[in-house]
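Residue numbers (the UniProt record's numbering), protein chains in the order written: chain A, 1 to 518; chain B, 1 to 495.
I should point out that these hints are in silico values taken from the structure, not numbers from a laboratory.
This structure is a prediction, so every number in the text was calculated from the model and none was measured.
Every residue, glycine too, gets a C-beta built ideally from N, C-alpha and C.
Any given hint could turn out to be false.
Claimed, not checked - One-sided and incomplete, this derived list gives chain A residues near chain B with beta-carbon spacing under 7 Å: (1) V269; (2) I270; (3) L271; (4) N272; (5) G276; (6) G407.
What the hints assert, rightly or not - Just the calculated beta-carbon pair ranges, DEER-fashion: (7) B:Q432 / A:K493: 50 to 58 Å; (8) B:R315 / A:N288: 25 to 33 Å; (9) A:H290 / B:Q432: 43 to 51 Å; (10) B:L130 / A:E158: 44 to 52 Å; (11) A:D399 / B:R315: 26 to 34 Å; (12) B:S175 / A:M159: 26 to 34 Å; (13) A:V210 / B:E181: 38 to 46 Å; (14) B:R162 / A:V210: 30 to 38 Å; (15) B:E181 / A:S255: 52 to 60 Å.
Unchecked claim - Take a look, some chain B residues computed to stay more than 12 Å from chain A by CB distance: (16) H33; (17) F101; (18) A118; (19) H128; (20) D131; (21) H133; (22) V329; (23) G417.
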Amino acid sequence: MTLETKDDLEKITIALNRAVLDPPIHSPPPAAFGAGGPMLKQFDQSSASSRGGYSTPKSVVGIGGKVAKPDYSEAKIVIAMVGLPARGKSYLSNKLMRYLKWLEYDVKVFNVGQLRRSRARQKAQESGIREDHTASYFSHENVEATKLRDKLAADSLEMLIQWLKDGGNVGILDATNSTQNRRASVEARVTRERGIVVVFIESVCDDPAVIAANVALKVSSGDPDYATTSPELAKLDFLRRIKQYEAIYQTISESHLSYLKIINVGSQVILNRINGYLQSRIAFYLMNLHLKPRSIFFSRHGESQYNVEGKIGGDSALSSRGMKYARALPDLITDNIGNAPLTVWTSTLQRTIQTGQFLPYNKLTWKALDELDAGVCDGMTYEEIEKAYPEDFANRDNDKFNYRYRGGESYRDVVVRLEPVIMELERQDNILIFGHQAILRCLYAYFHNLSQADLPYIKIPLHTVIKLTPKAYGCDEERYALPIGAVDTHRPKPGTLSKDNLIQPSGSSAREYFAGKN
Amino acid sequence: MVAPLYTTDSGLLFHAGKILVLTVGLPARGKTHVSRALERYLRWTGVKIMVVSLGDYRRKILGSAGKLPSDYFTLGAKSEVSIALRKQVADACEDSIQKFFDGGGQVVIYDANNGVKANRTRLAEKFHELDIHVVFLESWCDNQEIIERNIRSVKISSPDYRGWDPDKAVEDYYSRIRDHEQYYQPLEETTWPSIRIINVGEQVITNKIAGYLQSRIVFFLMNIHNRFRNIYFARSGQSLIEHSYRADSDLSPSGWAYAEKLKDFVIQKYTKSLSERGIDGKSHRLVVWTSARMRCSHTAWPFLTGSTPSQLNVRIIEKQQMSEINPGVWDGLTPEQVKKYYPDEWERFSHDPYAYRAPRAESYHDLCVRLEPILVELEREKEDLLIIGHASVIRCMLAYLIGLPVSEIPAIEVARGDLIEVVPASYGVQTQAYHFWDGDNGDGSGAPGAPHKDESNLYENYAEDAKKPKSPLALHWEPTQIQTLRSEQTLTVHT
Chain A
1 MTLETKDDLE
11 KITIALNRAV
21 LDPPIHSPPP
31 AAFGAGGPML
41 KQFDQSSASS
51 RGGYSTPKSV
61 VGIGGKVAKP
71 DYSEAKIVIA
81 MVGLPARGKS
91 YLSNKLMRYL
101 KWLEYDVKVF
111 NVGQLRRSRA
121 RQKAQESGIR
131 EDHTASYFSH
141 ENVEATKLRD
151 KLAADSLEML
161 IQWLKDGGNV
171 GILDATNSTQ
181 NRRASVEARV
191 TRERGIVVVF
201 IESVCDDPAV
211 IAANVALKVS
221 SGDPDYATTS
231 PELAKLDFLR
241 RIKQYEAIYQ
251 TISESHLSYL
261 KIINVGSQVI
271 LNRINGYLQS
281 RIAFYLMNLH
291 LKPRSIFFSR
301 HGESQYNVEG
311 KIGGDSALSS
321 RGMKYARALP
331 DLITDNIGNA
341 PLTVWTSTLQ
351 RTIQTGQFLP
361 YNKLTWKALD
371 ELDAGVCDGM
381 TYEEIEKAYP
391 EDFANRDNDK
401 FNYRYRGGES
411 YRDVVVRLEP
421 VIMELERQDN
431 ILIFGHQAIL
441 RCLYAYFHNL
451 SQADLPYIKI
461 PLHTVIKLTP
471 KAYGCDEERY
481 ALPIGAVDTH
491 RPKPGTLSKD
501 NLIQPSGSSA
511 REYFAGKN
Chain B
1 MVAPLYTTDS
11 GLLFHAGKIL
21 VLTVGLPARG
31 KTHVSRALER
41 YLRWTGVKIM
51 VVSLGDYRRK
61 ILGSAGKLPS
71 DYFTLGAKSE
81 VSIALRKQVA
91 DACEDSIQKF
101 FDGGGQVVIY
111 DANNGVKANR
121 TRLAEKFHEL
131 DIHVVFLESW
141 CDNQEIIERN
151 IRSVKISSPD
161 YRGWDPDKAV
171 EDYYSRIRDH
181 EQYYQPLEET
191 TWPSIRIINV
201 GEQVITNKIA
211 GYLQSRIVFF
221 LMNIHNRFRN
231 IYFARSGQSL
241 IEHSYRADSD
251 LSPSGWAYAE
261 KLKDFVIQKY
271 TKSLSERGID
281 GKSHRLVVWT
291 SARMRCSHTA
301 WPFLTGSTPS
311 QLNVRIIEKQ
321 QMSEINPGVW
331 DGLTPEQVKK
341 YYPDEWERFS
351 HDPYAYRAPR
361 AESYHDLCVR
371 LEPILVELER
381 EKEDLLIIGH
391 ASVIRCMLAY
401 LIGLPVSEIP
411 AIEVARGDLI
421 EVVPASYGVQ
431 TQAYHFWDGD
441 NGDGSGAPGA
451 PHKDESNLYE
461 NYAEDAKKPK
471 SPLALHWEPT
481 QIQTLRSEQT
491 LTVHT
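Here chain A stands alone, though its shape is the one from the complex:
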């Protein structure tokens, strides 16, 4: 056994030396273990079992393999929002859900208001009695209604805990939880379950401008509670509802609870007993959010030489059409944002740096924005890869998110390395990012809350600037496709027609109320 391995090793060393010495003196040798040459296959076949006799874990052969999702089964957290109405609780839960879903945690928001509406709808259908959900329903003095609302909260929590036990990671209880009693009962219910912890997140706001903006958004955004009333009446009723809650509101200060209190959109933050890896990441993320209006621009580099040749990876320069795109960019950008300041981020590969060279703004290069590393396949065309490794190639096309190139990365690895970039993006003002196809797919999926299964098949064409304007519950998007021809590098998921398979975000950035569903 050992002798055979030794023989093979010798053969490889000889072949390696030969391969390196043959080319002319001053041109660098080709990548010894690239998938294009014979070395990789030889190596795989020879090292079939390097560990004689013992059980071996699976090695990577060919050009890569699927990698399993990381094991998050230990994380089971209940996040209970706390705060008066119109303080941004649902906004925060929504942002948090998007962030955690992007990191592949299983997250679900349990909104008590929605449960209330769906139960009322059911009751109306069954018995014809329409409940009155105007401000008086929320008054503390309305004993009947208070009992009903307590039951609603308890039921939501039950559904949440059941969902966690069935395999969820983070359940967000979106309710006001405004009294110590209510919070104590939430905590008591959760402590009965082994392995589940509860974190309270309170949003406190006394800036009248922010509150007024929130109220206006609520009454104008299609909230089903106010579907049939005029905006002025709706606003009055909502303000009355807030007053009812204010009468009994107790801000969180129980020191034995684990909580995060955000005051006036982050001007003051209090963290109490935030232990645990996921909790501290959640806390840090929420501390970095801001509400200032700004725009995010994405663009791929201009068409590069490798794009024209159909090769992947590499560090090639722009083609002539790519250069035309670079020259047309400054006008496009100033048309859009005028004199406002703008930060420009590029990767360290020359094609993105060249694309941004004519812009007059401050530019920063980030290694984290470099294209997905294709490992042994770097510099080959898709046809060449298919010819050399047909099975692996089909495997990858079917499940690009999980497939890691040998010596390279998978889409999941790109998401992990982009996480600090996302954190930075949340803190920035206007920003323009010159990235690559895989990178922009991941960033785009984060902003539009697309699933990981769809992420690797999003269409991000060359020579197009995508403008995203973050709004309360989503992002508004505009695309500016410059009329400069370019190669299409999009590969749709096999088995589907490319026309039907365009991954699009769900359309509007308005809040989803699930009015017709349960």
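Given the coordinates of chain A, work out where chain B should sit on it, guided by the hints.
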């Protein structure tokens, strides 16, 4: 996220301007521990930082407590002599802070009690006029156990109490604290940006924290703790193809033997450490971090399949971010070949191995940036930790923990067959290397023999290949010494 390596005209980074962190707190509240940890982290991100400790200055200028007038430490009314002496020390500190900022420094942490509101407001206003952002950092503790632990482990071994009986020293220190308590005003003013840490991280309250560096500081403070734990570093085993990044090859037979040996040795050390600390194995666990590269995660394989004592818990986590430094186009080339085919790049690399990035490759700086989330996770990990990694990655992590200047990173020697143990101590870390594997005789059979250095691995041999002359102030680190960061060292390096 640490910004890429760039210098600005002013020498300041991150558009953050100059920052003065004023610590506030009674004695024995952990202010110095927090200042040192913060200093290590910020220096790691490339910021020019200095810690000015009032206690150290007092000892330097006036000598130990024995030589001082008896009412030096009592607050309230004092003799003329005491007042003059105290003013002398405080002025010296403030001058040194000002000089540092004028000389291009960016962050200063002023480690003192700062318990009187009027005094600290005066300080804050004085530096605010010079266009320096002031942040208060209060460490508040009402848990008697923590306070007693701090006093016993740190204070009574300080030069002030040399030659005292330990219990008497504790008594004396408590009386010092009691004196301060009378005049102490906890940080309640909200005019200045502030961070309050309560009971070593049980609660953290921030006020008006804006700016990139300030929010990194808060993030870091949320994650540190002062619980005792060991960190072990080991390299991955020898692989079939040692010098190709792309091939991602599996372990060689000698590598598998190494992995078995490593597992036995680590389990032995871990059980010994648990019994020394009087801890039952069931309530703790050994966490193993490996990278996702084949040879590295397979080195951890014996922990899963081999025989570990049943009462020990071991958890293995794979981290893709811990892959070795990407050699780019230099993949698979020996140093001679690199000199031949890329002479210009090799020139530039030898002048600045830390920051130079070869074509399509990563520089050590990029590697450090990539490892930053891992380092924060390292800080927050409360269990004993074994990191099985690649030489380049271990270099960066060791440099962070010990506090080495980043230019030293490429020259750190990490021998395969050494288990490096890093133990956090009160003001720094203690490191020690244990040799457990003598290598094989290079014939691929796994039989033991003389240590076998891989001649063709570019990064393996950099340390011997192109040794730069070290600056006289650099901390020279060798794996077999016990190295403790002493607080005085920082003063001399940065004035």
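Here is how each hint holds up against the structure:
For V269 (chain A), the interface hint holds, since its Cβ comes within 7 Å of a Cβ in chain B; the closest pair sits about 5 Å apart. Because the smallest distance between the Cβ of I270 (chain A) and any Cβ of chain B comes to about 5 Å, under 7 Å, the interface hint for this residue holds. At a threshold of 7 Å, the smallest CB-CB gap from L271 (chain A) to chain B is about 4 Å, leaving the interface hint in force. Checking N272 (chain A) against chain B: minimum C-beta separation of about 4 Å stays under 7 Å; hint holds.
For the restraint placing G276 (chain A) at the interface with chain B, the shortest Cβ-Cβ distance is roughly 9 Å, beyond the 7 Å limit, so the hint is violated. Annotation: interface hint on G407 (chain A) holds; nearest CB of chain B at approximately 4 Å, less than 7 Å. Taking the beta carbon of each, Q432 (chain B) and K493 (chain A) are about 54 Å apart, inside 50 to 58 Å as hinted. Checked against the hint of 25 to 33 Å, the C-beta distance between R315 (chain B) and N288 (chain A) comes to roughly 30 Å, which is consistent with it.
Between H290 (chain A) and Q432 (chain B) the CB atoms are about 46 Å apart, so this pair conforms to the stated range of 43 to 51 Å. With their beta carbons about 59 Å apart, L130 (chain B) and E158 (chain A) fall outside the hinted range of 44 to 52 Å. Roughly 27 Å separates the CB atoms of D399 (chain A) and R315 (chain B), a value that falls within the hinted 26 to 34 Å. Separated by about 58 Å at the C-beta atoms, S175 (chain B) and M159 (chain A) break the suggested range of 26 to 34 Å.
Between V210 (chain A) and E181 (chain B) the CB atoms are about 41 Å apart, so this pair conforms to the stated range of 38 to 46 Å. Distance hint for R162 (chain B) and V210 (chain A): a CB-CB separation of about 58 Å, inconsistent with the stated range 30 to 38 Å. At roughly 21 Å, the beta-carbon separation of E181 (chain B) and S255 (chain A) lies outside the given 52 to 60 Å, and the hint is violated. No beta-carbon of chain A comes within 12 Å of the beta-carbon of H33 (chain B); the shortest separation is about 19 Å.
For F101 (chain B), the requirement that its beta carbon stay farther than 12 Å from each beta carbon of chain A is met, with the minimum near 25 Å. For A118 (chain B), the requirement that its beta carbon stay farther than 12 Å from each beta carbon of chain A is met, with the minimum near 24 Å. With 12 Å as the threshold on Cβ separation, the claim that H128 (chain B) sits away from chain A holds: the shortest Cβ distance comes to roughly 19 Å. The Cβ of D131 (chain B) lies farther than 12 Å from every Cβ of chain A, with a closest approach of about 21 Å, so its non-interface assignment holds.
Interface exclusion of H133 (chain B) from chain A stands, the closest Cβ pair being 16 Å apart, more than 12 Å. At the 12 Å boundary, the C-beta of V329 (chain B) falls inside the reach of chain A, the nearest C-beta of that chain being 7 Å off. Every CB of chain A is more than 12 Å from the CB of G417 (chain B) (nearest about 19 Å), matching its label as outside the interface.
Violated hints for the displayed structure, listed by number in ascending order: 5, 10, 12, 14, 15 and 22.
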